[in-house]
Amino acid sequence: MELALAPETVARWQFGITTVYHFLFVPLTISLAALTAGLQTAWVRTEKEKYLRATKFWGKLFLINIAMGVVTGIVQEFQFGMNWSDYSRFVGDVFGAPLAFEALIAFFFESTFIGLWIFGWDKLPKKIHLACIWMVSIGTLLSAYFILAANSWMQHPVGYRINEAKGRAELTDFWLVLTQNTALNQVFHSFSAAFLTGGAFMVGIAAFHLMRKKHIPVMRTSLRLGLVTMAVGGMLTAISGDTLGKVMYEQQPMKMAAAEALWDGEKPAPFSVFAYGDVDEGHNKVALEIPGLLSFLAHSDFDSYVPGINDTNKASQEKFGPGDYKPIVPVAYWGFRWMIGFGMASFSLGLLGLWLTRKKFLLPAAHRTGEDEVPHLVLLKRPLGARLTRLYWLLALWTMAFPLIANSWGWIFTEMGRQPWVVYGVMQTRDAVSPGVSQGEMITSLIVLTTIYAILAVVEVKLLAKYIKAGPPELTEADLNPPTKIGGDLRDADKPMAFSY
Amino acid sequence: MELHDVWFVLIAVLWTGYFFLEGFDFGIGVLTKLLARNRAEKRVLINTIGPVWDGNEVWLLSAGGATFAAFPEWYATLFSGFYLPLLLILVCLILRGVAFEYRAKRPEEQWQRNWENAIFWTSLLPAFLWGVAFGNIVRGVKIDQDMEYVGSLWDLLNPYALLGGLVTLTLFTFHGTVFAALKTVGDIRVRARKLALGLGLVTAALALLFLLWTQIENGDGASLVALVVAVAALVAAIGANQAGREGWAFALSGLTIVAAVTMLFLTLFPNVMPSSLDDGWSLTVTNASSSPYTLKIMTWCAVIATPVVMLYQAWTYWVFRKRIGTQHIAEAAH
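Sequence lines, in order, name chains A and B. Residue 142 in our numbering sits at position 142 of the first sequence, and the numbers go up by one each step. Residue 91 in our numbering sits at position 91 of the second sequence, and the numbers go up by one each step.
Hints may be right or wrong, so weigh each one.
Stated by the list, open to error - EDC-like mimics (lysine to aspartate or glutamate), calculated; alpha carbons at most 16 Å apart, straight line: (1) A:K462 x B:E108; (2) A:K326 x A:E371; (3) B:K322 x A:D492.
As the list claims (entries may be wrong) - One side of the interface only, derived from the structure: several residues of chain A facing chain B at Cβ under 8 Å: (4) M82; (5) S88; (6) R89; (7) F101; (8) I118; (9) F119; (10) L356; (11) P483.
To be verified - Here are some chain B residues the structure puts well away from chain A; computed CB gaps all over 10 Å: (12) L3; (13) F71; (14) F79; (15) N158; (16) G219.
Calculated directly from the structure, the hints in this document are not laboratory data. The model shown is predicted, which means the values in this text are computed figures rather than measured ones. C-beta atoms are modelled at their ideal positions from N, C-alpha and C, and glycine is treated no differently.
Given these sequences and hints, build the entire structure.
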C-alpha cells in the first residue's frame with residue numbers, strides 16, 4: 001500500500017505522537033520521584049505521620065504514572081531503527097552512545113531500585129528504603145540528561161566528523177556532546193519545567209482536598225511543598241528559557257525567526273504579540289508588536305539586528321543548495337506562544353498561591369492557622385472570602401495540566417522548528433526514514449500504537465482519579481514499625497507482604 | 001581481539017542476560033494459566049517476579065541501545081527489517097508492564113481478569129517471537145547490497161525460525177517453572193516441580209532438534225561444545241528438579257539458556273546478520289560496527305557499569321529471597 005504522502009510523513013506523525021505522549025509522563029516522573037523522596041526524608045527525620053501518609057499518597061500516584069513512562073519509553077528506544085533506519089545508520093556512531101549510556105547507567109538504576117522501593121516497605125530498614133527512592137530519582141535525572149544530550153546533538157551537532165567513505169557521522173568528542181551549551185541549557189530548561197509540572201500537579205490535588213476540608217494535615221503540607229516547587233521551578237524555567245532562546249538565536253536563527261513570524265530581518269526587531277500571515281507570500285497581514293523586545297530576547301540589547309525567515313532561507317539556499325528551509329511557520333509561532341503562555345500562567349498561579357498561603361511573613365497573627373486547619377488565603381491583611389477562596393482552589397485544580405500542555409508545545413516547537421532538518425545542517429528529515437519499510441507497515445504501527453496509547457490514557461487517568469479521590473491511606477502498625485534487618489523480619493514466617501501485586 | 005569483537009561479545013552478554021532473567025519472567029506469565037489453579041495462586045506467581053521484572057527488562061533496552069551505538073547498521077537493518085514482529089513484541093511489552101502495575105489497583109473482577117489475560121498473552125508471544133527473530137538472524141535473511149532487508153513477513157515465518165520460537169517458548173516456560181518451585185511455598189511449589197518434568201522433556205526434545213539443525217547448517221567445533229553444554233545442562237536441570245534440588249535446577253536451566261545463546265552467537269560470528277542472497281552482502285562485525293573511538297568509550301561504560309548493575313540486581317534478589325505462598329498475599333486495600 002502506497003499513499004500519496006511523502007515517505008517521511010507517516011513516520012513523523014508516529015514519532016510525534018509517541019514522543020509527545022511519552023513526555024506527558026516523563027516530567028511528572030522526574031519531579032514526583034524527587035518530591036516523594038523529599039517527603040519520605042521528612043518522615044525519616046521527623047517521624048511525623050503526616051509525612052509518611054503524604055509519601056504513600058504521592059508515591060502511589062508516582063507509580064501509576066511511571067508505569068506508563070517506562071512502557072512508552074521502550075518504543076522510543078526501538079523506533080529509530082524501525083522507522084528511521086537511514087537516520088540510525090548515519091548517526092548511530094554519535095547518537096547511539098548517549099542512548100546506550102542511558103540504558104546501562106540510568107535505566108538499570110531506575111528500574112531496579114523502583115522494584116526495591118515498591119516491595120521493600122517490609123523488607124528494608126527505613127534508611128535503606130529511603131535511599132532506594134533517591135536512587136530512583138537520580139536515575140530519572142540521569143536518564144533525561146543523556147536523552148537531552150542526544151537531542152541537543154540533533155539541534156546543534158558538535159564533536160563529530162563526516163566519514164565520506166562510510167557515508168556517516170562519526171564521534172570525535174563525546175565529552176563535548178555531553179557538555180555543549182545546547183545540552184546544558186536544554187537540561188536546565190527541561191528539569192525546571194519538570195518541577196513546575198510536578199508542583200502544579202501537587203498543588204491542584206491538594207487544592208481539591210482542601211476545598212472539601214479533607215485530609216488537611218497531609219494536604220496542607222503538600223500544598224506548600226507544591227507551591228514552593230512551582231515558584232522555584234517556574235522561575236528557573238523562565239530563566240533557562242531565556243538563555244536557551246539566546247543559544248537558539250545563535251545556532252538556529254530560522255527556528256527563532258519562525259517563532260516570531262519575523263519574515264524579514266529588522267534592526268531593532270519587535271516582539272510579536274499576535275500575527276496572522278500568508279505563509280506562501282512570506283509576510284504577515286496582521287501584526288501586533290512590541291518594538292525592540294525581540295532584539296533584547298535574542299541579544300540582550302534593544303536595537304540589534306535579528307535576521308528574518310526570508311533572509312535565513314536565502315542564506316541556507318546559498319549554503320546547502322536550492323530548496324525550502326522554512327519550518328511550518330504557524331506551528332512554530334503558536335507552539336512558542338502556547339509553551340510560554342501555559343507555562344507562565346501556571347507559574348503565576350503558583351507565585352500567587354505562595355503569597356496567599358504565607359505562614360508568617362507580613363501575615364497578621366490572627367490569620368495564622370494550625371496544622372489541622374485549612375490555610376486562610378490572605379491577599380493583604382484580611383483572608384479572601386469563601387467565594388474567592390473557592391475560586392483559587394478551583395483554578396489550581398483546573399490548571400494543573402497547564403505545564404503538561406506547555407511541555408508538549410515546547411517539544412513540538414523545538415522539533416518542528418528545526419525542520420526540514422533532522423540533524424541541523426547535516427541531514428534532512430526526508431533522508432532519514434527507513435527505505436525498506438512500506439507505508440502500509442508504518443500506517444499499521446501508527447494506528448496500533450495510537451489506539452493502545454489512547455486506551456491506556458483513559459485507563460491511567462481514571463486510575464489516577466480514583467486514587468486522588470481516595471486520599472492518603474491510613475497507616476498500619478507495620479507502616480510505623482519498619483524492619484531493622486535487610487530481608488525483613490523473618491520471625492513470623494506467614495506474615496502477609498506489605499505490598500503485593 | 002579488536003574492539004568490534006569485544007562488542008560482539010558484549011552484545012551477546014546483554015542478550016544472554018536478558019533471556020536468562022526475562023526468560024523466567026515470561027515463563028511465570030505463561031504459568032499463570034498453566035500452573036495456577038485460582039486467583040490467589042496467580043498472584044503468588046506474579047509476586048515472585050514483582051520486585052524484579054522491571055529491572056530484568058532493562059537488559060533488553062541495553063541490548064537495543066548498545067546495538068545502536070556499537071553496530072548501527074545491525075540495529076537499523078534488524079529493527080526496520082523485522083518490523084511487524086518487533087511491533088508485536090513492543091505492544092506486548094507495553095501492555096505487560098502496565099498489567100503488572102495496574103492489575104491489583106482496582107477490585108473489580110473483570111478488571112483483574114483482563115489484566116491477567118494480558119499477562120499471559122504478553123508473556124507467551126514475546127517468548128515465542130524472540131526465538132523466531134534469533135532463528136532468522138542465525139539462518140540469514142534476504143539482505144541486499146545496501147544492507148536493507150528485502151524479504152517479506154512470510155519469509156520470517158520459516159520452519160527453522162518457528163522451531164526456534166517453540167524452543168524459546170518452552171525453554172523459558174521450563175525456566176519459569178523451576179523458578180516458581182524455587183520461590184514459592186505450599187501446594188503450588190509441589191505442582192511446579194511435577195510440571196517441570198514434563199515441560200523439561202518437551203523442551204529437551206525441541207531444543208536438541210533446533211540446536212542440531214543449527215550445528216549442521218552453521219556449526220563448528222566451538223558451537224558443538226556449547227550445544228553439548230546446553231543439552232547436558234538441561235538434562236541435569238530436569239534431574240536436579242526430580243531430586244528436589246530447586247536451586248540447582250534453576251541454575252542449570254539458566255546455564256542451558258546461557259549455553260544456547262552462546263551457541264547461536266558462535267555460529268553467527270563474524271557475521272552479525274548474514275544475507276541469504278549473497279555472502280558478500282552480509283552484515284559483519286567489521287562493516288556494521290561503529291568507529292574505534294565510539295567503541296572505546298562504550299567499552300569503558302560497559303566494563304564499569306555492567307558489573308555494578310549485576311551487583312545491585314543480585315542484591316535485589318537477596319533482599320527478596322523469601323519464598324512466598326498464598327498466605328503472604330494480603331487482600332489488597334483499595
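Okay, the hints, checked on the actual structure:
1. Of the supplied pair hints, the one linking A:K462 and B:E108 holds, its CA atoms being roughly 14 Å apart against a limit of 16 Å.
2. With a C-alpha separation of about 57 Å, the suggested pairing of A:K326 with A:E371 is violated against the 16 Å cut-off.
3. Of the pairs offered as hints, the one joining B:K322 and A:D492 holds, with about 12 Å between alpha carbons and a cut-off of 16 Å not exceeded.
4. The restraint placing A:M82 at the interface with chain B holds, with a minimum CB-CB distance near 5 Å, inside the 8 Å limit.
5. Hint status for A:S88 relative to chain B: holds, with the closest Cβ pair at about 4 Å, below 8 Å.
6. Checking A:R89 against chain B by beta carbon gives a least distance of about 5 Å; that is within 8 Å, so the hint holds.
7. With its C-beta approaching chain B no nearer than about 6 Å, A:F101 sits inside the 8 Å limit, and its interface hint holds.
8. Interface restraint check: A:I118 against chain B, minimum CB-CB distance 7 Å, threshold 8 Å, status holds.
9. Checking A:F119 against chain B: minimum C-beta separation of about 4 Å stays under 8 Å; hint holds.
10. Contact between A:L356 and chain B, as hinted, is not supported at the beta carbon level, the nearest pair being about 35 Å apart and thus beyond 8 Å.
11. With 8 Å as the threshold, the beta carbon of A:P483 stays out of range of chain B, its nearest partner Cβ sitting at about 11 Å, so the hint is violated.
12. For B:L3, the shortest C-beta to C-beta distance to chain A comes to about 13 Å, beyond the 10 Å cut-off, and the non-interface label holds.
13. For B:F71, the condition that its CB be more than 10 Å from all CB atoms of chain A is violated, with the nearest at approximately 8 Å.
14. Distance check for B:F79 against chain A: the nearest CB is about 3 Å away, which does not clear 10 Å, and the non-interface claim fails.
15. With a least beta-carbon separation of about 19 Å from chain A, B:N158 lies farther than 10 Å from that chain, consistent with its non-interface assignment.
16. For B:G219, the requirement that its beta carbon stay farther than 10 Å from each beta carbon of chain A is met, with the minimum near 29 Å.
In this structure, the hints that do not hold are numbers 2, 10, 11, 13 and 14, in rising order.
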